[in-house]
Amino acid sequence: MKTFSRLAIVLAALVLGFSIGKAEDKIKEFGVTVYKMGEERATDKDAGGSFDKLLAYLEKKIEGAKFPRRGIRNNADEAKKLMEDSKKPTALGIVSPNFYFRHKDALKLTVIAEAQRKGLNGEQYVLIGASKAEKYPEGKKVATNLDDADWLNKVVMPTPEGAKPIQWVNKANIFDALFSILDEEDDACDFVLVDRVTLEAVEKDRALKAMPRGLKSDMLPQDLVVEVDGRLGDKREAIQKALKGLDGDDEGKKAGEAIQVPKFMDADEARLKAAGEKFSKGAK
Amino acid sequence: MTTAVADIGLHPFQLIRKRRFWASVSMAALVAMLGLVMAVCSSCQSVPDDVVENRTPDSDDERQQFARIVKEADELYAAQPRNEKRVRLSVQKYAEAVRISSVDHDMLWKGARANCWLAQYLPDKAERAVFAKTGISYSQTLLKLKSDSTEGLFYLAVLSGLLADADRSYGLSAVNLMDESLRKIIDSGKDFEHGGAHRVLGTLLSDPELPGPPTSIGSLRNGKKELEAAVEKAPDWPENHLYLAKAEFLWAAERNKPAIAQQARDRLNKYLLGSEAKAPAGYEFEFGQWQKKAREFLNANP
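Residue numbers (the working numbering), protein chains in the order written: chain A, 1 to 284; chain B, 1 to 302.
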């Protein structure tokens with residue numbers, strides 16, 4: 001009897017162990033890395049909790065998938081290192097378009113969706129200053145929170161042939177850069193490069209809303225959701241579907257609200273192609 | 001209400017035993033210590049808009065009872081030195097009073113103030129959040145009665161900040177509510193607490209940890225302007241100069257303007273540290289704390 005009991009325990013343990021092993025086998029990990037250009041707070045410390053809501057939402061929607069956060073960075077080199085880490089592989093990235101165009105070949109990135117920050121379809125920058133920038137402001141000082149001169153000079157405000165390039169001045173607070181112009185400070189820039197979401201805030205500000213808007217960029221891609229090296233495998237479509245359906249239920253809405261991206265959509269191929277062509281001209 | 005709570009380095013109740021502390025709690029300093037610095041909120045919640053149940057006294061007896069309870073609550077709160085035990089009792093009395101009448105303007109803001117005290121100084125975060133929410137409900141009730149009540153707006157702003165301090169998930173909502181409420185006071189042209197609305201808003205906006213638009217409302221320029229307005233409203237109030245000097249140091253560093261840093265040093269010496277600087281009547285202890293902070297600012301900006 002005693003022997004039988006022991007055998008039963010051993011068998012039970014084996015069966016149980018096997019079951020656990022099977023369950024673990026079914027769950028696949030898809031590491032996630034985020035890179036957001038010009039966003040001072042795009043760090044694990046400041047934005048980690050918000051992104052975890054999105055990742056939790058994905059885990060709930062996609063059976064057998066886990067989405068560990070590898071890191072959130074506002075520094076492109078650091079984000080690239082995370083994506084290159086073979087010990088903690090990244091399968092899914094949410095990256096600014098400059099990062100995608102610069103590293104798509106080296107990191108084998110494939111776009112699977114595009115973000116709609118605050119529900120806006122596409123990014124468009126505008127120059128705001130004391131006077132209206134009717135044409136490319138040759139050699140002028142322009143404040144921006146973007147830190148990729150190639151992206152700025154080739155895609156956002158392409159330097160015309162033979163023209164003196166804009167002097168980009170990095171400023172974390174776009175509002176304060178606009179106020180510097182308004183207050184006629186000695187070291188104010190000539191113009192400020194303003195994105196669509198910030199422009200909405202500018203239009204609500206009593207003092208800033210009257211400042212003239214000038215030259216606009218083309219409509220550009222927003223942040224892109226990318227697959228790294230085909231690692232999403234058979235979950236790719238499910239992930240795309242979950243992201244595109246983010247605004248379809250309360251949990252998704254909350255996750256979208258937390259990261260200020262209420263929905264994702266299929267990437268606009270024409271926009272992506274046009275930006276890519278501009279960026280690749282003389283690419284470093 | 002004035003003093004740099006965050007700078008003191010003692011448990012609040014130790015301070016209370018030492019001085020009439022609450023009588024001079026600084027709202028600007030309060031905001032500075034709140035840590036209302038959230039880029040993106042991990043589990044955002046809105047500051048509650050609950051109001052207390054609508055009650056009015058039914059009889060002369062109830063009216064007299066209400067008046068007696070409020071008087072006791074006021075006295076408990078005013079008794080010196082203020083301490084946790086008495087303020088807790090005061091809060092209980094205001095809660096009793098509110099069950100008889102919830103339409104008395106003065107009782108509501110004083111009740112909010114007493115809850116505010118506990119929400120600020122109790123050591124336990126969860127308990128602080130409870131008192132902050134009670135105070136907010138009094139402020140919200142007050143604002144239902146009188147939407148432009150300066151006291152209601154002020155305590156709604158400060159208590160929202162305290163709630164966010166106890167529970168950071170309220171941070172974004174609190175920042176927006178503080179901004180809105182304090183701007184209403186400012187737009188009304190009324191003064192409260194020696195340029196308090198300008199000072200609190202200025203300290204909030206100039207906090208380097210608060211992101212700028214569109215994520216949040218942080219702006220050193222706007223914060224500095226508000227602090228300058230606080231100084232204009234109450235030019236002799238040393239705390240206004242203290243926080244303006246802090247903003248000036250930040251401004252000087254950000255824009256490489258050594259002359260502005262010198263201006264800040266001169267300001268601190270004149271209003272807080274020099275031989276002519278003196279404490280406002282009844283604020284000797286707080287003045288000492290401001291001086292301590294002023295020295296810290298000077299040491300950090302030699």
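Any given hint could turn out to be false.
Unchecked claim - Taking lysine-lysine and the PhoX-like style, the derived pairs with C-alpha atoms no more than 20 Å apart in a straight line are:
1) B/LYS190 - B/LYS225
2) B/LYS257 - B/LYS190
3) A/LYS61 - A/LYS104
4) A/LYS61 - A/LYS209
5) A/LYS209 - B/LYS233
6) B/LYS225 - A/LYS204
Please keep in mind that the hints were generated in silico from the structure rather than gathered at the bench.
>> Given the hinted pair A/LYS61 and A/LYS104, is their Cα-Cα distance within 20 Å?
In response: At roughly 28 Å apart (the allowed maximum being 20 Å), A/LYS104 and A/LYS61 break the hint.
> For the pair supplied as a hint, B/LYS190 and B/LYS225, is the alpha-carbon distance within the 20 Å limit?
Replying inline: holds (18 Å)
>> Between the alpha carbons of B/LYS257 and B/LYS190, is the straight-line distance 20 Å or under?
In response: Status violated; Cα separation ~34 Å.
> If you draw a straight line from the CA of B/LYS225 to the CA of A/LYS204, is it 20 Å or shorter?
Replying inline: holds (19 Å)
> Are A/LYS61 and A/LYS209 close enough, with their CA atoms no more than 20 Å apart?
Replying inline: Between A/LYS61 and A/LYS209 the Cα gap is close to 42 Å, so the pair fails against 20 Å, i.e. violated.
> Given the hinted pair A/LYS209 and B/LYS233, is their alpha-carbon gap at most 20 Å?
Replying inline: violated (27 Å)
The structure fails to meet hints 2, 3, 4 and 5 from the earlier list, while all remaining hints are met.
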